[in-house]
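> So the sequence lines, in the order shown, correspond to chains A and B. The working numbering puts the first residue of the first sequence at 1, with every later residue one more than the last. The working numbering puts the first residue of the second sequence at 151, with every later residue one more than the last.
In case anyone wonders, no lab produced these hints; they're calculated from the structure. Among these hints, one or two may not hold up.
[Claimed, not checked] Residues on chain B that point at chain A, a partial pick, calculated with CB under 8 angstroms:
1) Leu169
2) Glu182
3) Val196
Positions of the beta carbon are idealized from the N, C-alpha and C atoms, including for glycine.
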Amino acid sequence: MESSEWARNSLEAVEQERAESARRYVVPRGYDVAMGAAVTLLVMGLSLNAGDVAKQVWFGPTIGGLALLLWQVRRFIAANGTWISGLTAGPTRWVAASGLAVEVAGFALAIYAGSQQQWLLVVVVSAVTGAVIGWTSHRWSEVYRQSLGG
Amino acid sequence: MSPTGHHELDQVIHAPARLRIMTILGTVDRIEFATLRERIDVSDSVLSKHLSALAAAGRLTTTKSSRSGRRTTWVASTPHGRRALGQHVAALREMIADVPGA
């Protein structure tokens with residue numbers, strides 16, 4: 001076989017394998033919403049903690065958020081047999097980095113609001129941060145599939 | 151990359167099965183051994199041999215963990231492995247581009 005033909009076949013195999021990765025990529029039902037809800041609970045829990053409220057009040061959302069987050073990770077791995085952090089090279093990195101920046105800003109603002117005991121602001125920031133993370137998670141999957149040629 | 155500015159084929163990931171393995175690893179952070187075996191469609195022992203060769207050359211790592219009460223082996227590309235795949239694919243593209251009329 002000529003080397004150029006062999007090279008062409010090898011490249012086709014690479015493209016097919018990437019497309020197959022996109023085809024097999026599964027988002028568990030409700031995953032994005034649950035990820036958003038988990039972040040909302042975590043932001044709320046930590047800002048309540050900053051507001052010096054009783055342990056019983058902030059402990060619930062924090063543990064609930066963590067449990068929901070870990071459950072989603074387990075569901076994702078069970079569905080795909082893989083783990084993808086989102087911060088590896090490629091166009092998905094920018095989506096993940098944007099989500100991370102929003103999350104950090106949300107946590108910072110909510111914790112500040114909590115420390116000032118501005119509870120309405122805590123609720124709003126927690127909800128908005130969670131919604132943005134849910135949307136980012138959804139968008140990340142779209143970009144991931146597209147980047148693989150799926 | 152060679153002194154002439156061309157990318158060079160990576161002899162460790164040259165074989166079709168190994169190229170497929172590295173391509174799959176390039177799309178994820180890590181993958182379970184069983185999922186990879188299903189994708190490549192080879193026996194445990196054949197996949198293990200490929201993984202050992204790739205790991206010995208620093209292209210990937212394997213780690214064992216426990217999930218749902220059962221032992222799981224995870225396979226992940228190293229940064230060196232990702233670079234090697236990128237250079238190998240670039241070399242393949244150059245081979246096609248160097249053909250007149252391609």
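> So, for every hint listed, does it hold in this structure?
Comparing the hints with the structure gives:
no.	hint	in the structure
1	Leu169	holds (6 angstroms)
2	Glu182	holds (4 angstroms)
3	Val196	violated (17 angstroms)
Hint compliance for this structure: hint 3 alone is broken.
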